[in-house]
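K.L.:
Chain by chain, the residues run as shown.
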Amino acid sequence: MTFSEQPAIANTPSDTDTVPGVATPLTQTVTAAADRSSQAPYLRIENVRKTFGKFVALKDIYLDVYPGEFVCLLGPSGCGKTTLLRIISGLEQQTQGRVLQGGKDVSHLPPSMRDFGIVFQSYALFPNLSATQNVAYGLQNQKVPKAQIETRVSELLDMVGLGGMGHKYPAQLSGGQQQRVALARALALSPGLLLLDEPLSALDAQVRIRLRAEITDLQRRLGITTVMVTHDQAEALAMADRIVVMDKGYIAQVGTPHSVYQHPTSPFVANFIGVMNFLDGVVEADDTVRCGNILLTAPHNTVPPGQAVVIALRPEDMRVIDTPSATLVPNQVKAEVLGREFLGAGYRLDLTLEGNARQPIALEISANRARAMGVESLTALTIQLPPEMIRVFPKENP
Amino acid sequence: MTATSPRPLAPSGTPSGLPSRTKAIDTEAWIMRILLTLGALWLLVGVVLPLIPMIGRSFHDTSGQWVGLGNYVQYLTTPSLVQSFLNSFGVAITTTLLSVGLGFVYAYGLTRTAMPGKLLFRTLGLLPLYIPPLANAIGLIFLFGNQGLVTKGLFGLLPGVDINLYGFNGIVMGEFLYCFPQAVIIMITALNLTDARLYEAATVLGASPVKTFFTVTLPSVKYGLISAIFVCFILAFTDFGVPKVVGGNFNVLATDIYKQVIGQQNFAMGATISVFLLIPSVLAFVIDRLVQRRQTALVSAKSVPLQPKPNPLLDWAMVIFCGLVTLFAVTVFATIILASVVKVWPYDFSLSLKNYNFGTVGGGGYGAYWNSIRMALYTAIFGTAIVFTGAYLVEKGRGLQWLRSVSYFLSTIPLALPGLVLGLAYVFFFNNPIWRIPFTGMAIYNPFHGLYGTMAILVLANIIHFYTVCFLTATTALKQIDPEFEAVSAAMAVPFYKTFWRVTMPLSLPAILEIGIYFFVNAMVTISAIIFLYPANLPLAAVAIINMDDAGDTASAAAMSTLIVLTSLGVRLAYSTLTRGLRQRSAAWLNR
Numbered sequence: 001m002t003f004s005e006q007p008a009i010a011n012t013p014s015d016t017d018t019v020p021g022v023a024t025p026l027t028q029t030v031t032a033a034a035d036r037s038s039q040a041p042y043l044r045i046e047n048v049r050k051t052f053g054k055f056v057a058l059k060d061i062y063l064d065v066y067p068g069e070f071v072c073l074l075g076p077s078g079c080g081k082t083t084l085l086r087i088i089s090g091l092e093q094q095t096q097g098r099v100l101q102g103g104k105d106v107s108h109l110p111p112s113m114r115d116f117g118i119v120f121q122s123y124a125l126f127p128n129l130s131a132t133q134n135v136a137y138g139l140q141n142q143k144v145p146k147a148q149i150e151t152r153v154s155e156l157l158d159m160v161g162l163g164g165m166g167h168k169y170p171a172q173l174s175g176g177q178q179q180r181v182a183l184a185r186a187l188a189l190s191p192g193l194l195l196l197d198e199p200l201s202a203l204d205a206q207v208r209i210r211l212r213a214e215i216t217d218l219q220r221r222l223g224i225t226t227v228m229v230t231h232d233q234a235e236a237l238a239m240a241d242r243i244v245v246m247d248k249g250y251i252a253q254v255g256t257p258h259s260v261y262q263h264p265t266s267p268f269v270a271n272f273i274g275v276m277n278f279l280d281g282v283v284e285a286d287d288t289v290r291c292g293n294i295l296l297t298a299p300h301n302t303v304p305p306g307q308a309v310v311i312a313l314r315p316e317d318m319r320v321i322d323t324p325s326a327t328l329v330p331n332q333v334k335a336e337v338l339g340r341e342f343l344g345a346g347y348r349l350d351l352t353l354e355g356n357a358r359q360p361i362a363l364e365i366s367a368n369r370a371r372a373m374g375v376e377s378l379t380a381l382t383i384q385l386p387p388e389m390i391r392v393f394p395k396e397n398p
Numbered sequence: 001m002t003a004t005s006p007r008p009l010a011p012s013g014t015p016s017g018l019p020s021r022t023k024a025i026d027t028e029a030w031i032m033r034i035l036l037t038l039g040a041l042w043l044l045v046g047v048v049l050p051l052i053p054m055i056g057r058s059f060h061d062t063s064g065q066w067v068g069l070g071n072y073v074q075y076l077t078t079p080s081l082v083q084s085f086l087n088s089f090g091v092a093i094t095t096t097l098l099s100v101g102l103g104f105v106y107a108y109g110l111t112r113t114a115m116p117g118k119l120l121f122r123t124l125g126l127l128p129l130y131i132p133p134l135a136n137a138i139g140l141i142f143l144f145g146n147q148g149l150v151t152k153g154l155f156g157l158l159p160g161v162d163i164n165l166y167g168f169n170g171i172v173m174g175e176f177l178y179c180f181p182q183a184v185i186i187m188i189t190a191l192n193l194t195d196a197r198l199y200e201a202a203t204v205l206g207a208s209p210v211k212t213f214f215t216v217t218l219p220s221v222k223y224g225l226i227s228a229i230f231v232c233f234i235l236a237f238t239d240f241g242v243p244k245v246v247g248g249n250f251n252v253l254a255t256d257i258y259k260q261v262i263g264q265q266n267f268a269m270g271a272t273i274s275v276f277l278l279i280p281s282v283l284a285f286v287i288d289r290l291v292q293r294r295q296t297a298l299v300s301a302k303s304v305p306l307q308p309k310p311n312p313l314l315d316w317a318m319v320i321f322c323g324l325v326t327l328f329a330v331t332v333f334a335t336i337i338l339a340s341v342v343k344v345w346p347y348d349f350s351l352s353l354k355n356y357n358f359g360t361v362g363g364g365g366y367g368a369y370w371n372s373i374r375m376a377l378y379t380a381i382f383g384t385a386i387v388f389t390g391a392y393l394v395e396k397g398r399g400l401q402w403l404r405s406v407s408y409f410l411s412t413i414p415l416a417l418p419g420l421v422l423g424l425a426y427v428f429f430f431n432n433p434i435w436r437i438p439f440t441g442m443a444i445y446n447p448f449h450g451l452y453g454t455m456a457i458l459v460l461a462n463i464i465h466f467y468t469v470c471f472l473t474a475t476t477a478l479k480q481i482d483p484e485f486e487a488v489s490a491a492m493a494v495p496f497y498k499t500f501w502r503v504t505m506p507l508s509l510p511a512i513l514e515i516g517i518y519f520f521v522n523a524m525v526t527i528s529a530i531i532f533l534y535p536a537n538l539p540l541a542a543v544a545i546i547n548m549d550d551a552g553d554t555a556s557a558a559a560m561s562t563l564i565v566l567t568s569l570g571v572r573l574a575y576s577t578l579t580r581g582l583r584q585r586s587a588a589w590l591n592r
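These protein sequence lines are chains A and B, in that order.
Read left to right, the first sequence gives residues 1 to 398 (my numbering).
Read left to right, the second sequence gives residues 1 to 592 (my numbering).
Simulated from the structure, these hints should not be mistaken for laboratory data.
Treat each hint with caution, since some may be false.
To be verified - Straight-line distance between alpha carbons at most 30 Å, and here's what the computed DSS-like set of lysine-lysine pairs gives: (1) 54(A) - 479(B); (2) 168(A) - 498(B); (3) 54(A) - 498(B); (4) 168(A) - 479(B); (5) 146(A) - 498(B).
Just chain B, same shape as in the assembly (with noise of 0.2 Å):
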């Protein structure tokens, strides 16, 4: 019925009041279109662009001179260097296993059994992320170097037991300490997610512990796994710090850029090294995001928490294994403060603070600590800003999808991307101060020349080289909130960025200051981002500990590892006590 007949509509009731509504609109449109060609080309310049002269830079000799894939012929029939991919290998794939392995074994323990202490074995078993890898490295030469706690015996009164840390082992043994943590977090996210009715199930079912661990417990954690595996390969197949402070003769392809680069100038030898250091990572990175394409979410809103059942023998033995680990973890971390605070180890244990005077050594001392510090503050300040703004754009934005799908692909490229293989990209890239166009014969002055040897350009690599983890996590915020709330907001004709302002940020504060603590720790412990970026003028913590152990200074490089791990653990520590405050503030609209 009712069939419509066209008829005349009726009158609008203010049709006036229209045309200023309609240049607000207007404005609210192309700020959201600036703001996103912003943030494409915010990427564009921090991620892509730097690439292309370091790639180039590959196929042409030390004169500058074309020689196609020349340097790659060279590198490939240099056994030595042919050697030290093979070395990469073997560390990163002996660490992976180790890593993923025990750090599986270690967020069962946490997650799927009754085990006691769990609070303080998570606590302990991600303190070194807070550590920097080159950090626990001068702990490990404390503990298995020639002069060494465990090579002594403890000064004698147990057979002293040489490992041969300087190579493989120390190397290995280091990026365990790197990449356990990591493990452990991925491992203990994958395991968290489960759903407990599937056990029930599987006990009603009639099937027994080892059959019900390899039919729901693994299939569940698959995905978790294999992301694991590939950080856990990544980390320790580009890691610069442990192998340059233990590595001894053991040569790997992050040490061999350094050496080409700083040792021999040979910039081109560097970057085509840098290629041989990328592609795995590349691979790695790009395998990952397939698979993790294939997952399906394996809990919906109705799964049933799992509470695990105490079983003595099994809680037990869990304790006894992480313990284990724990022990040595913080066996290690102990050794770099002890050393610090020494006369002269092993023989005067006698305290004194002496090392923490770094007037007599090289590397910048103080000056250094604060350079770091102000550094990782600025990273903190400005990446928390970028990210999210461009995490919120790309997610909440509307319109210019293409633009927004390109800015998602590009804030997860970093992930993939070596800290050394970028610090000598933004090398090629800001330090040229006049850019030839391939193939033109044209060239134009580079309009990024003057932050090279800055502190922008500290803080940009370290805002891109951490970009992706914090994009993903402002992502997982953002997609937590009700979509509805910017169509709520347009129908009161409230423009996006007050809205954003307004509720999206105050919703996202947790996520946000996460972020924020995220970039200061990773800021405060980076080396390979930096190395090849910092000016003279600019002397930085963390270069600093290399730069004493190189000239034998270890007890005030263990020093200033212990200053860099007291100022992340602050940093943290702060954070805690802050959130608990705001947490309390907003428990009105968090709980009932």
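Bound conformation, chain A alone (with noise of 0.2 Å):
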């Protein structure tokens, strides 16, 4: 029962997933997620609608977890991951689907007969119980003998760092510390899931960010298949072995981290995962979109000439041109400066590319590249789109 020290799954360690800023765990727990996709999916959702009335929440979707997986559903408020976490977990019923955990049809089992632990984000902990009580009170009705369930849970709140504290009520303890109780009580008893809903929201900035490493480091160490729901891109970023990137009831995207940073699939997933300039454009050849007078090189473009697109480039992917030479650099505009922003750690330029005064775009660049150039008093200057960062998209009909 103690599974602070089960060993997880056997595994290679996973190289591009890795959460950049997340703490390696100690344990190689990491299963890339082309090692995952081989196994036998531990959840799977299949063709699930919900509808309230007219309303429809989900469409029609399908989703396979893996075992030991962390999954993240992300979405803007109103896209249906609450929802679809909801069905998972049977507290709402799915119009229509199936929902099968661990081999076994659960779609119509209520919430008590599926093996999952949940945390919300109201951590709903129970205010008139001590964090021990709190974290006891799925043992004690699973009638486990008293000694283990004290040694359960004084395990479980070591486990979560909160060692020593159990005596204290919910409302003695930190935002942090009373998330920490929740995750413990959620995995007391040894469920197949965990269900994350929003369980960050409800914290100050700094203790988010500490608390996603420990959640995802706890994660991996226990190898617990867990489902997370957040409408924080950087979250799921961090967090997630896999993203579902949801709009609307349906799945927009589904990828590692990278990849739907990287390579996202429609205008929705690339502006809602970071900041993406757009440029409305024609194509003109297999490679070639032209945007106003501008004429760009995009070798992964897909559109058939003439047809109108968007293209895409993140503001952080553009390069500053110190001497312009027309013909050793593709995709080299000039621009003017709008404005500039002091972000900090560097500096973000408004610009307008000549050519296309219409929509102004957004260069990030680092404190230290902006002192070089005198950013300060900058006026104009030469940037290059690098083609094989151009994601170019059919225009959707407006």
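Please dock the two separately framed chains into a single complex, following the hints provided.
P.N.:
What follows is the structure in structure tokens.
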């Protein structure tokens, strides 16, 4: 029962999927997404649809979650992510479709018969019970011997870093500590699936960043399959093995944080995750797009010539060219500085491109670089829109 | 990416442990369904079914012959009876204007000014809540009646003033004392819910205090004001105790029903008048519900509470105003006590406890007093358990949504049922050993007939009579509890009834005790719901007051009133002490 010591599923350490900024856990338990997809999925959402009256909250959702995987449901409010989580838990009944967990159809089981632990945004800690009593709540009902409960609870509290604080009531704990108690309580019955419903949203920015590292660390150590709902893209990028981006009740894209950020498949995903510049254009040839009077090389383009498109480019992906030379560097554009904003670690410049004044774009450079350029008095510059960084999307009909 | 191609699912970890769990959960779902059904049945028997024979009776004559609308025609063509209807209206409207008008100013003083002595005025202003309305009426007799202190000019020290107590004046004064604290409570709540930033905005925009009052204050308490108006109207329109004691020859609907039923044994006409009493109450109730539904939250979590600023002129004007109102209420209260401990009012003011020796007067004496305490205790215990469980099932239950909606609706109906109507309906429903099912010619034995003439039916009537206020209190308390508690418990496979016992109940303890007190106090002072129901071998204190007053033993009636008031106040005091202890013990989880 001591799963703090439990060895995780054997696997190879992950490469590109390791989340930046998160300390690599001591035990090597991270399973690469590529490895996992060769296993059988632990959780399967099959053709799930949910309607509230005439409102369609979820449209025919398919999703597989593999054993030990940390999946984030990410999207703006009202996109259906919480509804999907509640359907997985059985707190909400789907209108159509199936939910399979661990090889078993749980579609119509009440929550109490499914095998999961859950942490809510409000934590839902019982305020009249101490931290220990909260964590022991489910164990007591299982008729576990008292001594065993005590050992287990103190183990769990140690695991979340609250050893010795079990006698305190929720109101006597800080937000971050309450969150850990809720986590320990959710894990007390050793569930096969951990569900997190915006678990960090109620916390201060600093505590949130610390806790998201701790939660991923714990999740990897335990190797517990986890589904988290969040509207915070930074949180999803930092924590998830895979991100499920949702919009208006459907899944817009599924992928590793890296692929979702670098290779968004739609303007919605591009815009929702990170900051993105958009320029309207028309495809001239297979790898050439015209924006206003600018001709841009775009090798990733798949849209046939003649079609209206939107090209997308991240502010930090553009380069400033110090010594312009028309031949060597493709996609060079002269730009006028409209405004500048100091961001602390860097600068953001608002620019209009020569030949396409209609749509201003943003460019981010490091503070270092900005100082060297004399950014405060800069009025014009030459930039490059690197061809390999340009994404081209067919223009959606308005 | 990762297009998910169908693949076999990983096998479950512990499939063998599941069947026993399945069974347990089925039981849980069934317990929930059975409890919800029982709750709905309870309300059906307590509220809906009894009204049917009563309304049916109003279409029959005294010998049981169908007369259609005959009774109604007879009623509407009997000038004296129509006059009662108009009298009831007049009394109710006057009382409502007085209570809500003065209650609003009183509550405004307590919440929106920096007047001194707020706690004192708050306590004294709500004092009449613990006094049976008819006890207030007894107090008024000793002040303004034929032998009253004011009428006689304080033993001839001053010129006497006769205000013609018996009739309209007396009833309105008595009803005012009854309705005023209710209006004050509603208005304090409404006035407390405000956002200081609205007032700051008004000041910054250059609005005068008068304009601010009409554009910010009044709109924000609109719903409270409407609620207070309807509550006071229903109370004054349907009250029986006050007109019984100081009504004289001034008839109102409530006393008419009593006279028809007790005096003339004309149950059919009693039922007819009951319908006339019922209709305006139900209308007021429905309109209030519809209006309140349009209310949206004015106060958000970010609201800043308003701190009234000192304004000497306004503050002292408020002290004088509140002082005068309080003086009236306290004088009446003091008079009741004083009248109970003097030998012969107003001739011999030497102190004596002889009025507390009920042996020489009718009404049941101390036996009645103990019966009332027993009845109030049973009402408090069973009523609280039933109301809280009912509210829990409606608010936090899962499944059977339609049944929960029906239960909610039925739980709010008793507010619209005048006590006399409820009591009379219970007589028709429970006293009848055989039910005839209309239009079928079939009949069945009444399974509830055994309750008639017992303590149980008195307790039942009291619980239903005061059900709605308690139900709404419980619902409000339950709404404040995190809705995810049940979800979290379910995730840990803990059945709902365990979480109800270990978490929901402890968290709601203040509300539960509050409900218990409300039941107790009201069961002690009420007469309207039980006057038709109490059996001869179970005399009750509040009824005894009426009987003593009828027999001319007004001083004994004052003594019995004093006993009731002191008991209610004592219980309330014990409650405060008890909750202070509870609060200290649970301080760890209530406050940091």
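K.L.:
Run every hint past the structure and note whether it holds.
P.N.:
Evaluated hints:
A hinted pair counts as satisfied when its Cα atoms are at most 30 Å apart, and residue 54(A) with residue 479(B) qualifies at roughly 27 Å. Simply put, residue 168(A) and residue 498(B) have alpha-carbon atoms about 22 Å apart, close enough for the 30 Å limit, and the pair holds. In summary, the hint linking residue 54(A) to residue 498(B) is not supported, as the alpha carbons are separated by about 37 Å, beyond the 30 Å threshold. Our distance criterion of 30 Å between C-alpha atoms is met by residue 168(A) and residue 479(B), whose separation comes to about 25 Å.
Among the hinted pairs, residue 146(A) with residue 498(B) is consistent with the structure: their alpha-carbon atoms are about 18 Å apart, no more than 30 Å.
The structure fails to meet hint 3 from the earlier list, while all remaining hints are met.
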